[in-house]
Structures are given as structure tokens and as C-alpha cells.
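Residue numbers (our numbering), protein chains in the order written: chain L, 417 to 609; chain H, 417 to 609.
Heads up, a few of these hints could be off.
The list treats identical chains as interchangeable, and a pair is accepted whether it falls inside one copy or across any two copies.
Derived pair list, reagent style SDA-like, types lysine to any residue, alpha-carbon separation capped at 20 Å [claimed, not checked]:
hint	residue 1	residue 2
1	LYS422	PHE461
2	LYS422	GLY559
3	LYS422	LEU492
4	LYS422	HIS514
5	LYS464	HIS436
6	LYS422	ARG607
Rather than coming from a laboratory, the hints here were simulated on the basis of the structure.
All values derive from a computational prediction rather than experimental measurement.
2 protein chains.
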Amino acid sequence: MALNTKEQLLEAGLSMLLKHGYNDLGIQALLEATGVPKGSFYHHFGSKEDFALQVIDRYMQEVHQGLEAALQDQTLRPLERARRFFELSREKYRQDGHLGCMLGALGQELSGVNPTFARKIEDCFSVVTRHIAECLEEARQQGQLAPDADPVELANLLLNCWEGAALRSRLLRDPAPLDRMLDFYFAAATRDA
Amino acid sequence: MALNTKEQLLEAGLSMLLKHGYNDLGIQALLEATGVPKGSFYHHFGSKEDFALQVIDRYMQEVHQGLEAALQDQTLRPLERARRFFELSREKYRQDGHLGCMLGALGQELSGVNPTFARKIEDCFSVVTRHIAECLEEARQQGQLAPDADPVELANLLLNCWEGAALRSRLLRDPAPLDRMLDFYFAAATRDA
DNA sequence: TATTCTGAATAGACCGGTCGGTCTAGGAGA
DNA sequence: TCTCCTAGACCGACCGGTCTATTCAGAATA
Numbered sequence: 417m418a419l420n421t422k423e424q425l426l427e428a429g430l431s432m433l434l435k436h437g438y439n440d441l442g443i444q445a446l447l448e449a450t451g452v453p454k455g456s457f458y459h460h461f462g463s464k465e466d467f468a469l470q471v472i473d474r475y476m477q478e479v480h481q482g483l484e485a486a487l488q489d490q491t492l493r494p495l496e497r498a499r500r501f502f503e504l505s506r507e508k509y510r511q512d513g514h515l516g517c518m519l520g521a522l523g524q525e526l527s528g529v530n531p532t533f534a535r536k537i538e539d540c541f542s543v544v545t546r547h548i549a550e551c552l553e554e555a556r557q558q559g560q561l562a563p564d565a566d567p568v569e570l571a572n573l574l575l576n577c578w579e580g581a582a583l584r585s586r587l588l589r590d591p592a593p594l595d596r597m598l599d600f601y602f603a604a605a606t607r608d609a
Numbered sequence: 417m418a419l420n421t422k423e424q425l426l427e428a429g430l431s432m433l434l435k436h437g438y439n440d441l442g443i444q445a446l447l448e449a450t451g452v453p454k455g456s457f458y459h460h461f462g463s464k465e466d467f468a469l470q471v472i473d474r475y476m477q478e479v480h481q482g483l484e485a486a487l488q489d490q491t492l493r494p495l496e497r498a499r500r501f502f503e504l505s506r507e508k509y510r511q512d513g514h515l516g517c518m519l520g521a522l523g524q525e526l527s528g529v530n531p532t533f534a535r536k537i538e539d540c541f542s543v544v545t546r547h548i549a550e551c552l553e554e555a556r557q558q559g560q561l562a563p564d565a566d567p568v569e570l571a572n573l574l575l576n577c578w579e580g581a582a583l584r585s586r587l588l589r590d591p592a593p594l595d596r597m598l599d600f601y602f603a604a605a606t607r608d609a
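Start from the sequences, fold in the hints, and give me the full structure.
Listed below in C-alpha cells is the structure:
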């Protein structure tokens, strides 16, 4: 039951961290929600911080699944693949109750004070943008983007604006800002192809 | 000294809330930083939440100053006025140590759990977008934007993307994402004027 | 196969410290 | 004197984390 318990904690951590953030999530609440005793928690995790970092790793596993599902889809042209990734993310947010992106939430909450989390989350973002940038480079080569477009900068732009839209979507519990942002971005990026 | 004490608390609250967020900011730390005894705090504020809400009000006073300084500047064309507002904000972020926007930070941290803050912060955002939208409408009338452009939607887009860039800027302690976002947005919005 | 051993995992009482918040007393200006 | 404000001791609750006892599956031994 060892792996099972750890999995259970990480799984609950995904939803509880997304909703409560880091500081408002008590270990005790997590244990009550999962029925796991405290001793088990500190057997599997060195600290609350260690736990949260592992939850982020798990979150990134899901992100990578999304990236793979969208960016490897050979039935789509490159730009549509990139957009598909964010549409898949939007669907995940919907399933989670329109609470937006955990990376954005934890990044805002913790990066003012905790450099470990700031670096961790920035690393996650930069991994994602790297994948998106590769996809956008393909789009550029296929003429979907202007020949002088900068895929890395465009990818960062896309992700950053997405995170802003995700915040607004979290405030309003409404996915509309996400779609509006994608419409605007892809219209703008495509226009001078 | 009554007003003075309250002012002092709000002033310290501005910087401490921006850096620490809500849950990581202890009343005690605030009192030690200001030299104010606990009794005074609870004389002026009903609770920690009440205090934070008033800090947000104070933050919005500064935002309104920025809005006024930028959007009323008759030496600039409307679109340049809008951009100026965000450039003023960027300078404020710089002074505060590149910690981004307090509304975005508190919005992400608290909106999952606390509807009072979610509503409050969404209200702040919608007030700002309303001003920006008026300015963009003027731009549309003057031919700086396409005749069929939707100023309200464009204003929301602008603010949301800005908040995303502010998060990234906070993570990296670097204003570059803010400027990149403005460049992209205004190039895109202007292109088909 | 039966028995012993062992280390991982479970279980929760318990710890000091800190949390937000209350209370009462004193001081200052009207 | 009366009202506002300062002042800080004090409160119970809860925080993250430690500690020790116990359980239990499976390897080792015979």
C-alpha cells in the first residue's frame, strides 16, 4: 500500500493546492481528506515544501501529456497544434472547476518570498515554452508565420498571455477569457504570414 | 496620531502584501515592521481581511493616479495614452522590486477559496478595463484602431495579458516580459487600423 | 513448508511556536 | 470628564514537524 498512499496524497495535493494555494493548505486538512495518518505523510515526504514540489512534478506530467497529445498530432498544421495544446488545457481547467493554472497560482503566491518555488515554476514555464517554440518554428518554416518571426519570443508571449487569461478565468470562474486570448493571439500572429 | 498610525499600517501593508501575499503575512510581522502595538491595529481594522481589503483600496488609489496621469494626457494620441498607463505601471513595479501587480498576486492566491477577495479584485480589474476601454474607443474613432474593433474586449485582453506578463516578470524579477507584451499587443491592435 | 527476521509503512499522541483575535488598563487631547 | 487611541499581556486554536509504538509483507533460514 506504500505507493498507493503516496499516490493518493499527490492526487489530493493536485486539487487541494490548486484551490487553496500553498499557505492555506494545512497538512492536517490533506490528511483528513485522504484518511492518511501523519506518520505516513512524513515517511513519504520530507516536508510540506517537498510535498508541494512533488505535486508540481505530477502536475507537469499532465502538462507533458497535453503537449504530446497536441504537438505530435500530425493531422494538424503546426499552428493548430499549438492552439490545440491550450484548448486541451482549457478543458482541464473546466474539469477542475475553472481554477486556472496551478503554476500561475503558486507562482504568484510564493515567488515573492520563496526562491525555490520561483525557480521551480519558472523552469516549468520555460520547458513548456521550449516545446511551443519548436512547434512555432515549424509553423514559420511552413509559412504559417512570417519568415522573420521569432518563435521563442512568440512562445513566451503566448504562454504569458495565457497565464493572465487563466487568472481572469479563475476570478470569474469562466473560460471565456481563455478563448478570447487565443483568438486574438492567433489572429495577430497569423496576419502577416 | 490616529490617522498617522493607520496610514503607516496601510503603507507597510502595500509592500508587505505584495511581497508575502496574504496568508504568509502575519499581523505580528506587520506590527514589528511598523512599531505599532496590536491594540492599535484592531482599533483601526476589524480583522486581517478588513485590513487587506483596505490595502487594496489604497493600491487602487495609486492605480487611479496612473490612469489619470496617462489617459488624460492630451499631448498623446489615445493609443499612446493607453500604452503610457502600462509603462507607468511597469515603473512602479520596478520601484517595488519587480514583484508585479498586487491584484494579480492576491487574485491568484485567494480567489480559489475566498469569494470576497475574488469579487473585490475582479471589480478592480473591471474598473481599470472600463477606463482603458473608453480610451480605446477614442482611438477607434480617431482611426488608430479598426472601425469594427471592440474596445471593451480589447481592453480586457490588454489587461489580462498584462497580468500574465507581470507574473512572469515577478518570477524572473525582470521587466522584459512586460515590454514584449506591450510591443506585441499594440503592433497587433494597430495593424489593421 | 514453517519460522524468524527485518525494514518499510502505518498510526497518532505530542511538541514548541505562531496564528488571528480579545481584553483591560492607561494616556492624551477636547 | 469623555472619547479616541495606544499599549501589550493574554487566549485558544492550529500550524508544521517529531517521536515512538505497532503492523505487516516478504526475504532469509532451516
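Taking the hints in turn, this is what the structure says about them:
1. LYS422 <-> PHE461: within (9 Å within a copy, 43 Å between copies)
2. LYS422 <-> GLY559: neither (47 Å within a copy, 60 Å between copies)
3. LYS422 <-> LEU492: neither (38 Å within a copy, 59 Å between copies)
4. LYS422 <-> HIS514: neither (26 Å within a copy, 37 Å between copies)
5. LYS464 <-> HIS436: both (14 Å within a copy, 18 Å between copies)
6. LYS422 <-> ARG607: Neither: 49 Å inside a chain and 53 Å across chains, both beyond 20 Å.
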